[in-house]
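Throw the hints in and build the complete structure from the sequences for me.
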Amino acid sequence: MGKVTKEQVESTLQSKLNPSHLEVIDTSGGCGASFEIEIVSEQFEGKRLLERHRLVNGALVEEMKEIHALSIKKAATPDQWRQQQESEKSASNAA
Amino acid sequence: MATINLSSLQASSPSLRFLSSYSPQNTLHASFYSPSSSSLSFPSVSLKLPNTLRFRPRSLIIGAAAKALSETELVPVPLTAEEFSTQLPSDSGVYAVYDKNDELQFIGISRNIAASVYSHLKSVPDQCSSVKVGVVDQPDKTALTEAWKSWMEEHIKATGKVPPGNESGNATWIRQPPKKKADLRLTPGRHVQLTVPLEELIDRLVKENKVVAFIKGSRSAPMCGFSQRVVGILENQGVDYESVDVLDEEYNSGLRETLKKYSNWPTFPQIFVNGELVGGCDILMSMHEKGELASLFKK
Chain D
1 MGKVTKEQVE
11 STLQSKLNPS
21 HLEVIDTSGG
31 CGASFEIEIV
41 SEQFEGKRLL
51 ERHRLVNGAL
61 VEEMKEIHAL
71 SIKKAATPDQ
81 WRQQQESEKS
91 ASNAA
Chain S
1 MATINLSSLQ
11 ASSPSLRFLS
21 SYSPQNTLHA
31 SFYSPSSSSL
41 SFPSVSLKLP
51 NTLRFRPRSL
61 IIGAAAKALS
71 ETELVPVPLT
81 AEEFSTQLPS
91 DSGVYAVYDK
101 NDELQFIGIS
111 RNIAASVYSH
121 LKSVPDQCSS
131 VKVGVVDQPD
141 KTALTEAWKS
151 WMEEHIKATG
161 KVPPGNESGN
171 ATWIRQPPKK
181 KADLRLTPGR
191 HVQLTVPLEE
201 LIDRLVKENK
211 VVAFIKGSRS
221 APMCGFSQRV
231 VGILENQGVD
241 YESVDVLDEE
251 YNSGLRETLK
261 KYSNWPTFPQ
271 IFVNGELVGG
281 CDILMSMHEK
291 GELASLFKK
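Protein sequence lines correspond, in order, to chains D and S. Residues in the first sequence are numbered consecutively from 1, following UniProt numbering. Residues in the second sequence are numbered consecutively from 1, following UniProt numbering.
FYI, nobody ran anything at the bench for these hints, they're computed from the structure. Quick caveat, the model's predicted, so the values are computed rather than measured. Among the hints, a few may not be true.
Footprint (simulated), chain S over chain D, 3 or more residues, beta carbon under 8 angstroms [as the list claims (entries may be wrong)]:
1. 40-53
2. 56-64
3. 70-79
Under the rule of at most 27 angstroms between Cα atoms (straight-line distance), these lysine-lysine pairs were calculated in the BS3-like manner [to be verified]:
4. S:Lys161 to S:Lys122
5. S:Lys207 to D:Lys47
6. S:Lys260 to D:Lys73
7. S:Lys260 to D:Lys6
8. D:Lys73 to S:Lys216
9. D:Lys89 to D:Lys74
10. S:Lys298 to D:Lys73
11. S:Lys161 to D:Lys47
12. D:Lys47 to S:Lys298
13. S:Lys298 to D:Lys74
14. D:Lys6 to S:Lys216
15. S:Lys260 to D:Lys16
16. S:Lys261 to D:Lys47
17. D:Lys73 to S:Lys290
18. S:Lys261 to D:Lys16
19. S:Lys260 to D:Lys74
20. S:Lys181 to S:Lys161
21. D:Lys47 to S:Lys290
22. S:Lys210 to D:Lys65
23. S:Lys260 to D:Lys3
24. D:Lys3 to S:Lys216
25. D:Lys16 to D:Lys6
26. S:Lys261 to D:Lys73
27. D:Lys73 to S:Lys299
28. S:Lys122 to S:Lys149
29. S:Lys261 to D:Lys65
30. S:Lys261 to D:Lys74
31. S:Lys299 to D:Lys74
32. S:Lys67 to D:Lys74
33. S:Lys290 to D:Lys74
34. S:Lys290 to D:Lys89
35. S:Lys216 to D:Lys65
36. D:Lys47 to S:Lys260
37. S:Lys100 to S:Lys67
38. S:Lys261 to D:Lys3
39. D:Lys47 to S:Lys210
Glycine included, every Cβ here is placed at the ideal spot set by N, Cα and C.
See below:
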């Protein structure tokens, strides 16, 4: 496998975790391939943050061999995501 | 002695020393008296500023940062840690410590005034009777140094003396560089045949130590941004932790691969508390932001 692309990461996560929201940002720099991920999936329901990260890491096990850094910014359930969006919205409305 | 020009004194005369500068590249002669627990939170300082302050032109700030020494109220030094946090600001600024005869002993700058004065109280309680505090609004190094200089100059002008604690050779008020713990080594060296599998050494290590961080590089010089952030958070929490450099091929040879399997976690840094993997940098940051770390470390 050559250099991992953002599209590869996206399609792998899409197929394995069936996310309702997914954002992959390519932050590759001097050190090698590097990504930031925001992901919302029903599969996170009832799982601790550690286990959610494990799911993401597990889904990307092949890609991880070539990825220098993976930063999981958010791993939320659809419910949490909705709440967060709403609170952000009301915060920005208030401002 | 008539008037003393402080800047020339600093530059030419060895008789006045501006705090201690223990980092060799520190050309400013200024170093902050801040306990390690607060020194790592610098980047957040500017974020706490109200919007209106952020874009104020610099020229307005310097010089107007703190009130004159003589106009600043002298307040008694609190006696307990709790009182400190309520009675003294945890902001950046300049402070002057007075003994029980109201003699000025030391003028310092800090990124956390309350914490600095508290450390002084612990190290020289008999000389810390009261304190004057000047918070500096936009606390970059220049502004802080200016504030410090203006107080020093004012005091020297008024009394013809340098505060005893700021005199050259007086180490009473100056924090010694914190002794960083050494990183732990898993093996005696790669030439030594292990009698116990590496996995078992890892297992023992994380179970025998409350908090263990496996990082890239040493704790004093982490080699990757994520490890650096983790060290920063742990120091900021003031937690007593052990660190293991996973890049140390001499003493931790084979650790990276074995640890990944042991913890079923593909990346570094990895943080263990009470023998259990907490996660990597993202998880630690997220817990830090939610304020969940203190209770985790108390367990």
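Verification of the hints:
1. 40-53: holds (count 3)
2. 56-64: holds (count 3)
3. 70-79: holds (count 4)
4. S:Lys161 to S:Lys122: The given pair, whose Cα atoms are some 26 angstroms apart, holds under the 27 angstroms limit.
5. S:Lys207 to D:Lys47: Satisfied, since the Cα-Cα distance of roughly 24 angstroms is no more than 27 angstroms.
6. S:Lys260 to D:Lys73: Distance of about 21 angstroms is within 27 angstroms: holds.
7. S:Lys260 to D:Lys6: holds, 24 angstroms
8. D:Lys73 to S:Lys216: holds, 21 angstroms
9. D:Lys89 to D:Lys74: holds, 17 angstroms
10. S:Lys298 to D:Lys73: Given pair S:Lys298, D:Lys73 holds - Cα atoms ~26 angstroms apart, limit 27 angstroms.
11. S:Lys161 to D:Lys47: Violated, because 65 angstroms separates the two Cα atoms, which is more than 27 angstroms.
12. D:Lys47 to S:Lys298: holds, 23 angstroms
13. S:Lys298 to D:Lys74: With a Cα-Cα distance of about 26 angstroms, the restraint between S:Lys298 and D:Lys74 holds, given a limit of 27 angstroms.
14. D:Lys6 to S:Lys216: Holds: D:Lys6 and S:Lys216 sit about 25 angstroms apart, inside 27 angstroms.
15. S:Lys260 to D:Lys16: Given pair S:Lys260, D:Lys16 holds - Cα atoms ~22 angstroms apart, limit 27 angstroms.
16. S:Lys261 to D:Lys47: holds, 21 angstroms
17. D:Lys73 to S:Lys290: holds, 14 angstroms
18. S:Lys261 to D:Lys16: holds, 22 angstroms
19. S:Lys260 to D:Lys74: holds, 22 angstroms
20. S:Lys181 to S:Lys161: violated, 39 angstroms
21. D:Lys47 to S:Lys290: holds, 17 angstroms
22. S:Lys210 to D:Lys65: Violated, because 31 angstroms separates the two Cα atoms, which is more than 27 angstroms.
23. S:Lys260 to D:Lys3: The hint holds at about 22 angstroms.
24. D:Lys3 to S:Lys216: holds, 23 angstroms
25. D:Lys16 to D:Lys6: holds, 16 angstroms
26. S:Lys261 to D:Lys73: holds, 24 angstroms
27. D:Lys73 to S:Lys299: Holds, at roughly 26 angstroms.
28. S:Lys122 to S:Lys149: Since the Cα atoms of S:Lys122 and S:Lys149 sit roughly 26 angstroms apart, the hinted pair holds (cutoff 27 angstroms).
29. S:Lys261 to D:Lys65: With Cα atoms ~14 angstroms apart, S:Lys261 and D:Lys65 stay inside 27 angstroms; holds.
30. S:Lys261 to D:Lys74: holds, 24 angstroms
31. S:Lys299 to D:Lys74: holds, 26 angstroms
32. S:Lys67 to D:Lys74: It is violated: about 45 angstroms lies between the C-alpha atoms, which goes past 27 angstroms.
33. S:Lys290 to D:Lys74: holds, 13 angstroms
34. S:Lys290 to D:Lys89: Within the cut-off at roughly 20 angstroms; holds.
35. S:Lys216 to D:Lys65: Distance ~17 angstroms between S:Lys216 and D:Lys65 Cα, so the pair holds.
36. D:Lys47 to S:Lys260: holds, 21 angstroms
37. S:Lys100 to S:Lys67: Roughly 23 angstroms between the alpha carbons, so the hint for S:Lys100 and S:Lys67 holds.
38. S:Lys261 to D:Lys3: This hinted pair holds, its Cα atoms lying about 24 angstroms apart.
39. D:Lys47 to S:Lys210: holds, 24 angstroms
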